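Guided by the hints, dock chains R, A and U with the ligands onto chain C, whose structure is given.
Protein chains in written order, with the numbering used here: chain C, 1 to 423; chain R, 1 to 423; chain A, 1 to 499; chain U, 1 to 499.
To be clear, the hints were calculated from the coordinates, so they are not data collected in a lab. Here the structure is a predicted model, which means the values were calculated and not measured. Each residue gets a CB set at the ideal place from its N, CA and C atoms; glycine is no exception. Accuracy of the hints is not assured; some may be wrong.
To be verified - Just the calculated beta-carbon pair ranges, DEER-fashion:
no., chain 1, residue 1, chain 2, residue 2, range
1, C, MET1, R, ARG284, 45 to 55 Å
2, C, GLU8, U, THR466, 40 to 50 Å
3, U, THR466, A, ASP460, 26 to 36 Å
4, R, ARG412, U, PRO22, 51 to 61 Å
5, U, SER7, R, THR9, 46 to 56 Å
6, A, PRO491, U, VAL236, 19 to 29 Å
Unchecked claim - Derived lysine to any residue pairs resembling SDA-like cross-links, with alpha carbons at most 25 Å apart:
no., chain 1, residue 1, chain 2, residue 2
7, R, LYS352, R, ILE370
8, U, LYS490, C, PRO237
9, C, LYS352, C, ALA376
10, A, LYS103, R, ILE370
11, U, LYS103, U, LEU116
12, A, LYS24, C, THR9
13, U, LYS201, U, PRO384
14, U, LYS440, C, THR9
15, R, LYS31, A, GLU128
16, C, LYS138, U, VAL193
17, C, LYS186, C, ARG134
18, C, LYS24, U, LYS490
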Amino acid sequence: MLRDCGLETTAQLFSHLPEAVKLKRDLDLPKGISEYEIVEWFEARGAEGANGYASFLGAGAYRHFRPVLVDTVVSRGEFLTAYTPYQAEISQGTLTHIFEFQTMICQLTGMEVANASMYDGSTAVAEAAAMAVRLTRKGRVVVARNVHPEYREVLATFGKYQGMPVVESDYDPDTGRIDLQDLESKVDGLTAAVVIQSPNFFGIVEDVKAAAEIAHRKGALLVVAFTEAVSLGLLEPPADADIVAGELQSFALPPSYGGPYAGTIATREKHIRQMPGRLVGETRDSRGNRAFCLTLSTREQHIRREKATSNICTNQALIALMATVFMTVYGKQGLRELAEQNLAKAHYLAGKVTPRFSGPFFNEFVARTIGKSPEAANQALLEKKVIGGVPLGKYYPELADSLLLCATEMSRRADMDKVANEL
Amino acid sequence: MLRDCGLETTAQLFSHLPEAVKLKRDLDLPKGISEYEIVEWFEARGAEGANGYASFLGAGAYRHFRPVLVDTVVSRGEFLTAYTPYQAEISQGTLTHIFEFQTMICQLTGMEVANASMYDGSTAVAEAAAMAVRLTRKGRVVVARNVHPEYREVLATFGKYQGMPVVESDYDPDTGRIDLQDLESKVDGLTAAVVIQSPNFFGIVEDVKAAAEIAHRKGALLVVAFTEAVSLGLLEPPADADIVAGELQSFALPPSYGGPYAGTIATREKHIRQMPGRLVGETRDSRGNRAFCLTLSTREQHIRREKATSNICTNQALIALMATVFMTVYGKQGLRELAEQNLAKAHYLAGKVTPRFSGPFFNEFVARTIGKSPEAANQALLEKKVIGGVPLGKYYPELADSLLLCATEMSRRADMDKVANEL
Amino acid sequence: MITKVRSHLSQNELLLFERSSPGKRAYQLPELDVPAVDAREALGNANVREEIPGFPEVSEVEAIRHFTRLSSWNYSIDHGMYPLGSCTMKYNPRVNELVARIKGLAWAHPYQPESLSQGALQVMARLEAALAEITGMDAVTLQPAAGAHGELTGILLVRALLQQRGNPRKKILIPDSAHGTNPATAASAGYAVENIRSCEKGLLDVAALEAAVTEDVAALMVTNPNTLGVFEENIVKAAEILHRKGALLYMDGANMNALVGVARPGDFGVDVMHLNLHKTFSTPHGGGGPGSGPVAVKSVLEPFLPVPRLTRGKHGWRHDYNRPDSIGRVRAFYGNFGVLVRALAYILAYGGPGLRNATVDAVLNANYIRRKLEPHYDLPFPSPSMHEVVFSDDRQAAKGVRTGDLAKRLIDYGFHPYTVSFPTIVHGALMIEPTETEGKAELDAFIEAMISIAGEVEADPELVKTAPHSTRTSRVDEVTAARRPILRWKPPTRDAAST
Amino acid sequence: MITKVRSHLSQNELLLFERSSPGKRAYQLPELDVPAVDAREALGNANVREEIPGFPEVSEVEAIRHFTRLSSWNYSIDHGMYPLGSCTMKYNPRVNELVARIKGLAWAHPYQPESLSQGALQVMARLEAALAEITGMDAVTLQPAAGAHGELTGILLVRALLQQRGNPRKKILIPDSAHGTNPATAASAGYAVENIRSCEKGLLDVAALEAAVTEDVAALMVTNPNTLGVFEENIVKAAEILHRKGALLYMDGANMNALVGVARPGDFGVDVMHLNLHKTFSTPHGGGGPGSGPVAVKSVLEPFLPVPRLTRGKHGWRHDYNRPDSIGRVRAFYGNFGVLVRALAYILAYGGPGLRNATVDAVLNANYIRRKLEPHYDLPFPSPSMHEVVFSDDRQAAKGVRTGDLAKRLIDYGFHPYTVSFPTIVHGALMIEPTETEGKAELDAFIEAMISIAGEVEADPELVKTAPHSTRTSRVDEVTAARRPILRWKPPTRDAAST
Ligand SMILES: Cc1ncc(COP(=O)(O)O)c(C=O)c1O
Ligand SMILES: Cc1ncc(COP(=O)(O)O)c(C=O)c1O
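Bound-form chain C, shown alone (with noise of 0.2 Å):
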């Protein structure tokens, strides 16, 4: 191939690169191993993790069972080793898949469009937010304290160099819900979007229906965020929100040490010009079958580009997948067993500790510790092979005494006695 190239040398390849940018020596990297070591290199590195504990972790990131269909479905290589499917002819599989999931995001959030999925539930929250700006001609941002603290930092991020100035509402400390007193007095003329949770950062159920019509009085946009998307199988649908956008993590996504997981952004119709993100919409092929491709891309960075609704190009499209997977194995039945399950695991444990906050939760809460701090009740319980709650007093220094505690359908009645024994 070299000769048929008309060269001699490999060298020859790059003759024409300046001399001073070629690298004169070895990369300082060892030489390559075998497949064998290196799954033995990163099966050292897996047992130097957390196997064998219990966890009541959540705050973003769930322990749910991961049906085995999903790593069925998704380690085919049809679905593994495709690119985005622009060429619609040879990627109707990818693209069904898509249309279906859109759906579904549409079923389950109450919404009339989704999107074929964002980087992650952050990500989509910050994005929804930008989204309301150019849909609202506004530039300001309300969003709730109760919001997960990371997905607040990232909209800061975005909002501090889009001009999008971000202020935050506080919330009811009886309730643990958003303060609607507090949330009314921060909404003004200029806010675009106010930016809810729920369930919220503390596991507790908001309501939508208050903080829409304070937002919708003022001509702000309602987001609502979530992070817990097995909530959606029992909980009211957030259908008086303007944009929902949440994480979809829980939806056959190990932890994975926080990623790679699935955002989603849904919205009403008339809003999808200044949706954020890839779309797939069925059309017919030249015979009259149906068929489907990806859609008014005219929104999107390679048609668009500094006119883009957004940056992004690649998302998340197998993780979608898994979701997608996911959401058809448990299906309607499933879905709601799984969602009372978690709320039976959750209110067990609850029943055995202080939960801090009166507001209706899903499967987490806040608990004092009681004679201890937060962090020593962890202590206590790592000992025990449990992991325990996240502390809050990083996030909310009036929380210092507090854990946020997830249990959910994997949690088992006697590890959650162990927790109840140490708070």
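Relative to the frame of chain C, chains R, A and U with the ligands by itself:
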């Protein structure tokens, strides 16, 4: 659907069964459990196993690295969940890989034809002996005592009920190879087959040519068995054999507590009409394209019934596919390098202990334990998380002071040193 | 109308040998941590081979493409209904694949200490117990690797018992509707085969049996439900006839999917039987195997079971080799353990009530198909169907279209064919077994396809006779394959290369 | 002649919603070990939903068939060459999928104690170090989830530095050959975009750059090799120009597959860049993601990197949140960890020398294609090619055949098309990137197909313009899709049901 069948209750589906045969109670089995509980139960069983132990067991079941590609391929539903490829037009995938398997087995063994697989090595050897009986129209079988003891047991079971007397010939106590003189004395004009194994049960490479001469001189056929397929990457193929029958477990099958493995039978073209098992052949389709199909089925039970060459029907197709993928991944270079690594490891270990025999060995050898019994040595090793070798007294009273040790590419020097210390 | 499939492009692929280029590789091994050994020195020059001529040399991506492309030429359960009668092609749960790969089980060596094998032994013990309960038998061996292997084991048990009683006898009786493995097995076990004609209902003819059972008869091998999918209603009577003459009743359990939870062979006179875990208990067929063919026996046969037997000792489960009456081993080690794991996982998932429900659904599905296709295809035996239904091509044969043609045409409709031309007592049989895992939608599509084909036979028989038309490989010339067998690839010679 | 594919049947499949039947299920949950809770009581009536209308209800076998059938409609790397320019569609090693699923890594919770996370942290630390060495940069953040996210992060870093220096400035310069994410990113970061025209060699026009770089310019975003696959030979000069004016040089590292082991951006003046682990480092595209877009910077930008930063503490690796100058978070947690695992596995497998060899092969493959196709397709920019080559449809356009048509025709030949119509500075671009993992046989087949299509354009342009002809879905009407968007399934209304 019940109504479509003109029925009202499912019980009516069985109303024609005599009352006496109906089960009037529920099966005494617990009710069904979820996928997650199943995984948990089997993981608990797995944890009761030998995880974390090094092992020097071989003796017909070997520990070799399994290329990741193997499970990737055999997990594809198209291979995993297909039936026997009777309908060639929609089974070309299976038929093609079996044809490739047959070819590779020929390339490895030096034979002209190979079948699509047998249950395992032991039954392949028994079937090969029966095949020799049909081919020679004689009845006696001489089997070397250094053939795998369990293979000999299976041969004995077959022989006992098929009117095929099985006689054993001894091994040379110095070299561990077959005692050619004893063999010569056992083979007579009524002998259909001489069965030897190479490398034999002691890991020692046999003199196939010499055995062939003895067998052929008396009009018997030579069956050469193998249990360690990796040896074929390095050893001269047993081309002087009339039938080669072996076990392919080494080609990507984990030991799996004894199965499923895959047996193979290969022979000369002139013997195919007496070959047991399925065969795939090349042909054309009606458009003239190359195609494959099951062929020569007039040898088989579904056509010939009591006159069939064997009663085998279901074989080990998916395991043969695993072996095919394994052979593909390693290929020409790799299989040799793999065999060389096995050789090097076993010779390293042998160099540190007291081998019992002087014959050339591949990756297994017999070692004497000095100053303690093999069982005691094994016990001491177990405490160091090493599973030692197979004590041979059970099969060979004269070797009650010896162990069969196997080292493969997976054996680590440090573990071999532990073995050396205890022997 | 064909609505289940459309035409799409499918990748061609050469054989591995044709794809190879010198020096390509898909592997890497860790570096040796011991000194290399010169093979010729260690083994002797004569014992070391030259390179393996023609062996594959491909890269990793070429390897995965090769097998991916090949796989796309297959039809499988994961594509759709696979109504092969007698094969019980039900869904293969994927969790079973996962548990069979659990390290402590998959990497258990058959000779590792029993103290480190309790998990594996417990799997086997639990499965033995479950199969004994399901069959109503007293003891189970898991050693046989497939159905036919189980048959052989079972008949050897019969032989051993009779031998102990003084005379192994000479004959095995087999109904003419039996699967080919039954007579082949009898012959392998050194018995002569005597066929028993079925009665006009497709059942065992009790009078014929009575007449045939002499002191020479070792056993009757009967499939129940038989290969027509009909329950042998005189089975208890048959057992009595046999037992009266000191003969035994062997049951081919290939069709247990019709009985689990509904009736137990042990309760209707069976002395010994095999099961096909790769049928009734959902372990995947894998394109032809591996399977597993446990044999279940009444206590009278228990002493003869292959060694080793699983027993409960002081320190847990262990293998018992001290079995003086045993027929010996039928294979090395303990059986297709990985298949046993899958079958047990299936039993645990369904549980007692679930297994019975599956049986009910399997029988209902077969009866549904029967009811819908009866107007269009000839039903040679009107006896009630259990888990499968057998039609004949009688009506279509009038147009020159045979069961094999109908089957090939079914491929164009997006289905795997039914079992063709078996059982042989039916002229041009169409043997259809839907299994319980097919839903109504898929069944209806199948029924519609079959009806449509029946119509095509009238309107355009040629279309059916030359099917399939839509596959990448059209009708395959099996005659030439057998006449001039090419059973392996060979490097092209000068002449061949030009074709 | 089309030799790579044949026509075969392919299963149709309805949408999940159309396949559902009430009551079907594919799941089973363990029984609750705690008391059930009445949802309406616990949450309040208003907070509990009715059933989810239209949500799927299918059995397990229906689910697996659904996705298996869908999958068979896709083309993928595992089928064959996927020469999408700018996308680096190389083989995705399967061992990487395995290691990403190792329990202790896959089930690591982002908030679990660092003492129990040392394995995961070590993976990240080792990858950061390797990427720094490969790029020649000083520090790396693994937080961004994809290339565009990396770009945004990088430009925010630029902004933060300039802001700290007193003025964030107003503009980002971007060559007209750039990928769309570059200008979109600049805008997202609050910058105006100024396009720089490429010179006639397809390269950065140094004079134009010199003129454009004012005190208003924050940075130049340049892809190197650029989207024509050409190395920006004046990159050092460009860096000097920028640096002289206090502006920074951002490099879009999407094309690093041309440089790994051969040249390092850190050595030629780049201040900040992103990598696409889902291109250069072989992590699978998955039909559009997930990716990972680490950002590598020179030390001057290090203080601004997103929180948390990985640092080595007394007790091992830990997350450092105390970074006062940080731009803040760009996403929750630490990045697409599972993708990082795969990329590190790739780097370990290849090692230093292997990575360089891959680069060489990638560049050789592109040049081979270029050499073979140059006689048949117009090469608008004759500069030396690195890892990809860009032709134009100039010659074919004369017959009314455009790059998009040629691409669709390539599908009939069994290939995934190249990248169509990008970069936009080429009229009717054909952007071809073979990657190093394609062997000569597949390249030759591709070349032959391209030449054959060029012939068809002359002989029968209509054939090409209406392609593809052999797919189950023929040319898709994208215009109608956009004009009357149907973005979700809805239950059929009375009228619609009849169509
Ligand atoms: C009725 C019957 N008996 C026996 C067998 C043989 O079983 P196996 O193929 O597992 O050996 C079969 C399998 O096709 C069968 O259908
Ligand atoms: C040159 C170039 N830059 C940036 C990107 C964006 O990367 P990503 O899709 O990972 O966001 C791409 C991807 O297509 C690209 O080709």
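Each hint tested on the structure:
1. A beta carbon spacing of about 35 Å between C:MET1 and R:ARG284 contradicts the range 45 to 55 Å that was offered as a hint.
2. The beta-carbon spacing between C:GLU8 and U:THR466, approximately 45 Å, falls within the hinted interval of 40 to 50 Å.
3. Hint check: U:THR466 to A:ASP460, Cβ distance near 30 Å, so the stated range 26 to 36 Å holds.
4. Judged by the Cβ atoms, the range 51 to 61 Å given for R:ARG412 and U:PRO22 holds: they are separated by roughly 58 Å.
5. For U:SER7 and R:THR9, the hinted distance range of 46 to 56 Å is satisfied, since their beta carbons lie about 48 Å from each other.
6. The hint said 19 to 29 Å for the Cβ distance between A:PRO491 and U:VAL236, and at roughly 54 Å that hint is violated.
7. Straight-line distance between C-alpha atoms of R:LYS352 and R:ILE370 comes to about 12 Å, which keeps the hinted pair within the 25 Å bound.
8. In summary, the hint linking U:LYS490 to C:PRO237 is supported, as the alpha carbons are separated by about 18 Å, within the 25 Å threshold.
9. Under the criterion of a C-alpha separation no larger than 25 Å, the hint pairing C:LYS352 with C:ALA376 is consistent with the structure, at around 18 Å.
10. A C-alpha spacing of about 34 Å is found between A:LYS103 and R:ILE370, which places the hinted pair above 25 Å, so the restraint is violated.
11. Restraint check for U:LYS103 and U:LEU116: satisfied, since their Cα atoms lie roughly 13 Å apart, inside the 25 Å limit.
12. Using a Cα cut-off of 25 Å, the hinted pair A:LYS24 and C:THR9 holds, with the two alpha carbons roughly 20 Å apart.
13. Only pairs whose Cα atoms come within 25 Å are accepted, and U:LYS201 paired with U:PRO384 is accepted, the gap being roughly 10 Å.
14. Distance restraint check for U:LYS440 and C:THR9: the Cα-Cα separation of roughly 17 Å lies within the 25 Å cut-off, and the hinted pair is therefore satisfied.
15. A distance of roughly 17 Å separates the Cα atoms of R:LYS31 and A:GLU128; the hinted pair therefore holds under the 25 Å criterion.
16. Using a Cα cut-off of 25 Å, the hinted pair C:LYS138 and U:VAL193 holds, with the two alpha carbons roughly 22 Å apart.
17. For the hint pairing C:LYS186 with C:ARG134, the CA-to-CA distance comes to about 20 Å; that is within 25 Å, so the pair holds.
18. Simply put, C:LYS24 and U:LYS490 have alpha-carbon atoms about 61 Å apart, too far for the 25 Å limit, and the pair is violated.
In summary, the structure is inconsistent with hints 1, 6, 10 and 18 from the numbered list given earlier, while agreeing with the others.
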